[in-house]
Amino acid sequence: MSTNSTIKDNPVVLQVEGLKTYFETRWGTVKAVDGVSFDLRKGETLGIVGESGSGKSVTMLSVMRLIPSPPGQIVEGRVLLEGQDLVDLSEKEMGAIRGSQIALIIQDPMTSLNPVFSIGNQVGEAIKIHQDIPKRTVLQQVLDVLRKVNIPAADTRVRDYPHQMSGGMRQRVVGAIGISCEPMVLIADEPTTSLDVTIQAQYLKLLKELQEASDIALIFITHDFGIVAKMCDRVAVMYAGKIVEMGDVRDIFNNPSHPYTEALLSSVPKLEEDVDRLYSIEGQPPTLHDLPPGCPFAPRCQYVRDKCSQSYPPQFNLTDGHYAACWRLE
Amino acid sequence: MTTTTMDARPTADTTNEVLLEAEGLKKYFPVTKGLLISKITGHIKAVDGVSFQIRAGETLGIVGESGCGKSTTAKMLLQLEEPTEGTIRYQGKTIHNATSEERRAYRSSVQAVFQDPWSSLNPRMRVRDLIAEPMVINLDLSRREMQDRVAKLLEDVGLSSYHANLYPHEFSGGQRQRLAIARALSVEPRVIVLDEPVSALDVSIRAQIMNLLKDLQEEYNVSYLLIAHHLATVRYMCDWVAVMYLGQIVEFGPTRELFENASHPYTKALMNAALPSHPDIEQEEMILTGEVPSPLNPPEGCRFHPRCPFVIDQCPTAIPQVTELAPGHMVSCHLY
Amino acid sequence: MRRLPLIPMLILAVFIATGIFAPLIAPHDPERGSLRERNLPPAWEEGGTTKFLLGTDHLGRDMLSRVIFGARISLVVAAVTLVVGMGIGVASGLAAGWYGGWIDEILMRVVDIKLAIPTILLALVLVLALGQSFMIIVAVLAIAVWPRFARNVRGEVLQLKTMDFVALAKVAGASTPRILFIHIFPGVINTLIVLATLEIGIVILLESTLSFLGAGVPPPTPAWGSMVSDGRDRLAVAWWISTMPGLAIMLTVLSMNLFGDWLRDRLDPRLRQLG
Chain X
55 MSTNSTIKDN PVVLQVEGLK TYFETRWGTV KAVDGVSFDL RKGETLGIVG ESGSGKSVTM
115 LSVMRLIPSP PGQIVEGRVL LEGQDLVDLS EKEMGAIRGS QIALIIQDPM TSLNPVFSIG
175 NQVGEAIKIH QDIPKRTVLQ QVLDVLRKVN IPAADTRVRD YPHQMSGGMR QRVVGAIGIS
235 CEPMVLIADE PTTSLDVTIQ AQYLKLLKEL QEASDIALIF ITHDFGIVAK MCDRVAVMYA
295 GKIVEMGDVR DIFNNPSHPY TEALLSSVPK LEEDVDRLYS IEGQPPTLHD LPPGCPFAPR
355 CQYVRDKCSQ SYPPQFNLTD GHYAACWRLE
Chain S
3 MTTTTMDARP TADTTNEVLL EAEGLKKYFP VTKGLLISKI TGHIKAVDGV SFQIRAGETL
63 GIVGESGCGK STTAKMLLQL EEPTEGTIRY QGKTIHNATS EERRAYRSSV QAVFQDPWSS
123 LNPRMRVRDL IAEPMVINLD LSRREMQDRV AKLLEDVGLS SYHANLYPHE FSGGQRQRLA
183 IARALSVEPR VIVLDEPVSA LDVSIRAQIM NLLKDLQEEY NVSYLLIAHH LATVRYMCDW
243 VAVMYLGQIV EFGPTRELFE NASHPYTKAL MNAALPSHPD IEQEEMILTG EVPSPLNPPE
303 GCRFHPRCPF VIDQCPTAIP QVTELAPGHM VSCHLY
Chain W
17 MRRLPLIPML ILAVFIATGI FAPLIAPHDP ERGSLRERNL PPAWEEGGTT KFLLGTDHLG
77 RDMLSRVIFG ARISLVVAAV TLVVGMGIGV ASGLAAGWYG GWIDEILMRV VDIKLAIPTI
137 LLALVLVLAL GQSFMIIVAV LAIAVWPRFA RNVRGEVLQL KTMDFVALAK VAGASTPRIL
197 FIHIFPGVIN TLIVLATLEI GIVILLESTL SFLGAGVPPP TPAWGSMVSD GRDRLAVAWW
257 ISTMPGLAIM LTVLSMNLFG DWLRDRLDPR LRQLG
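Chains as they are written, first to last, in the working numbering: chain X, 55 to 384; chain S, 3 to 338; chain W, 17 to 291.
Worth flagging that the hints you see were computed from the coordinates, not collected in a lab. Treat the hints loosely; a few may be bogus.
Here are the computed lysine-lysine pairs in the DSS-like style, where the Cα-Cα straight-line distance is at most 25 angstroms [claimed, not checked]: (1) W:Lys186 - S:Lys28; (2) X:Lys259 - S:Lys28; (3) X:Lys361 - X:Lys62; (4) S:Lys95 - W:Lys186.
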């Protein structure tokens, strides 16, 4: 985070423009991602925060082109990875990029490893798919990667199967697969939710070190503002398929400008101080197939006014790179 | 005051009546080996000598990582597990040798709310029957009285009486947790064990449920035992906090005192590992190495010593004494 | 989602209705015939008469009436067998799953042993030893079906008893019978319904097989299996004697299976793997 000023000068590696991903369901069209735009620089960490159903995970699956189709489809928008539009690529071309230039670490370390292959096998597989290297050196590379993610006694553990490892170790193996081909962009989807706090701290530190070592651009998909505070340079807050506020991490924490961001931040208990009473956001997150016109947060918003239920607010710029979509800022 | 097992029983500034008391609770699970003739080869010491008190109208929090024994402790209080050793006293009476009448009274005085709102409500029962079940079993009420109480409970937890006719799948996670709370309250218990009551919920819903629990505590004058891994939640909800590691309480104290003067190295490590609430909060770099050892063969001496950054000579051999640092603030560590 | 199996359901409805109302529907007495009218072909064949729509058998009994009364026997045997077999299966499955330990061990070994013995062989031995009667047939068939119920119910119980709502029922002070009947058993019903529809087909087929082998419901009661057997030697001269009841068996079992498959998909997608 101290390298903030230098990161701002880094070249953009990933640019998402007006991304829309819709799902056709029995109840109608679900606009899971509805016009999302952001960019990501080399070495930068972006946090995408939202609750279940906010579209944060679907955004990332769209970027990876992993949307099951049908029922899902990217209906509009561009995803530019170093200028190349991923949306237009064939499945085969995308396969070559996925894992090697842009990689995904999925939520659950229990299900993202195959129980019948040794971990050496699985990390090796990821390497072999993307790199044309002789068999002998694969093992060497696997060991290198496992050491990079701080797996102790890598040369013996490489023969272990997932069930022989603890949750923290498995999470590291998943991380190892993610970085095995030195991607430019690494997406971590709730990477630590199932880990204990002390193990989570170890893992987050590791990710930070890996990022600094090779200037990876990192995206954290999370519902936890704590992860954002600890890890991210910039934040995008998503609600009902749209980014409602985006900015530098300090701008978001010091000057939350969308009522949803503000409410979320004040509804989380604090470790460092006594809070007499938490702010609680009433109501439930909306169901996406039946969105009201206007701002989807309006029914739960404490600042709601007439206009909110009529049309969706545009983005209002606050400071450099900090914007929010709320009529209150008009 | 120096003893060898942590006695997490407040001595300071509280006059509330002691409702529930655990003394020297132990739970060992046998580990067996062999296919035909199975032999016990060891014991998993899930809980190994835990004492605490729950006072009327207060909340005691137990924090710790997975495998520290906090859930097993809760299960023993709920009589879902039989303690290997130790006693549980309710209003001064030992539960172990209680008459069936007293056991019955205990059952309706100690209720529970669990983590997963999808698994804790029987999907085939209507809300009405779900909430009324503890009353049907324990109280002698007419149909009419039962209905009225269900309606009142639903309103008390922020739902409406018409919800009584629905099935659980028609509710969201947060609403289901409200139903679970209404059910627990139906027999007007004195203590409710809350096992990670908000961790399965969406962030914007968690505050709703935490506030609801606080309001209901006031209204029903009920005590809580909160089992949680999220420290900030514990700080918000609890009057007293016990920190558990490998089946034992390592530090105990009034919430504020404990959070501001965390003394046991494990408590400190937990606090440093917890995620900050603001990017400007600088955290001490105190990341523990390794993982929690197996409770099958817990380390000799202080159980935390293999991972402790401040380890000193006597740690691997001697069991640490318990020291009272401030009124009610107890720590079990050689450094003090 | 699979479509509603209309034709199988229609066939089953006809089967059940004829089974229940057999005496009202059947045009003739199924157990009496006139030797003068024996081996008459079905109405649409050369030499057939509309008096005997499906022809007559070698004793001059009306095939249609016999098939109709055969449905009744199959229906009764299947229903009684299922009630008995399911009862034993559910009770032992609940006990094994809930109590575990040696109860589970003993019950499941019995199930294993049962599943390792060929049913037909067991049935033949039992009928030979104990004699041929309706009760014996039902008992034999119940022995054949209960293990599958027991095993499936046990599996469901093992899963259900780890649910938090069971623990919470204990916390509320619920007795074991209350937990078993209010919290566990309703969770097993879907599985039971699906299993029952699939087992009915098996039971009907088994009963027919036993009757065909002469170890089924004693004659002259018209059972489909023994009718097929009766016509076996006359296939060249009077093919309908075997074919008509054979078709009835096939249509009923096939419809039952199609209906059961649909129900299984409908009620519980997890069951798809069990087959």
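Exercise. Would you check the hint for Lys361 (chain X) and Lys62 (chain X), treating anything up to 25 angstroms between C-alpha atoms as holding?
Key: Distance ~36 angstroms between Lys361 (chain X) and Lys62 (chain X) Cα, so the pair is violated.
Exercise. Decide if the proposed pair is consistent with the structure: Lys186 (chain W) and Lys28 (chain S), CA atoms, cutoff 25 angstroms inclusive.
Key: holds (21 angstroms)
Exercise. Could you grab the alpha-carbon distance between Lys95 (chain S) and Lys186 (chain W) and see if it respects the 25 angstroms cut-off?
Key: The hint holds at about 21 angstroms.
Quiz prompt | Distance restraint between Lys259 (chain X) and Lys28 (chain S), which requires alpha-carbon spacing of 25 angstroms or less | solution = Status violated; Cα separation ~36 angstroms.
Checked against the numbered hints above, the structure violates hints 2 and 3; every other hint is satisfied.
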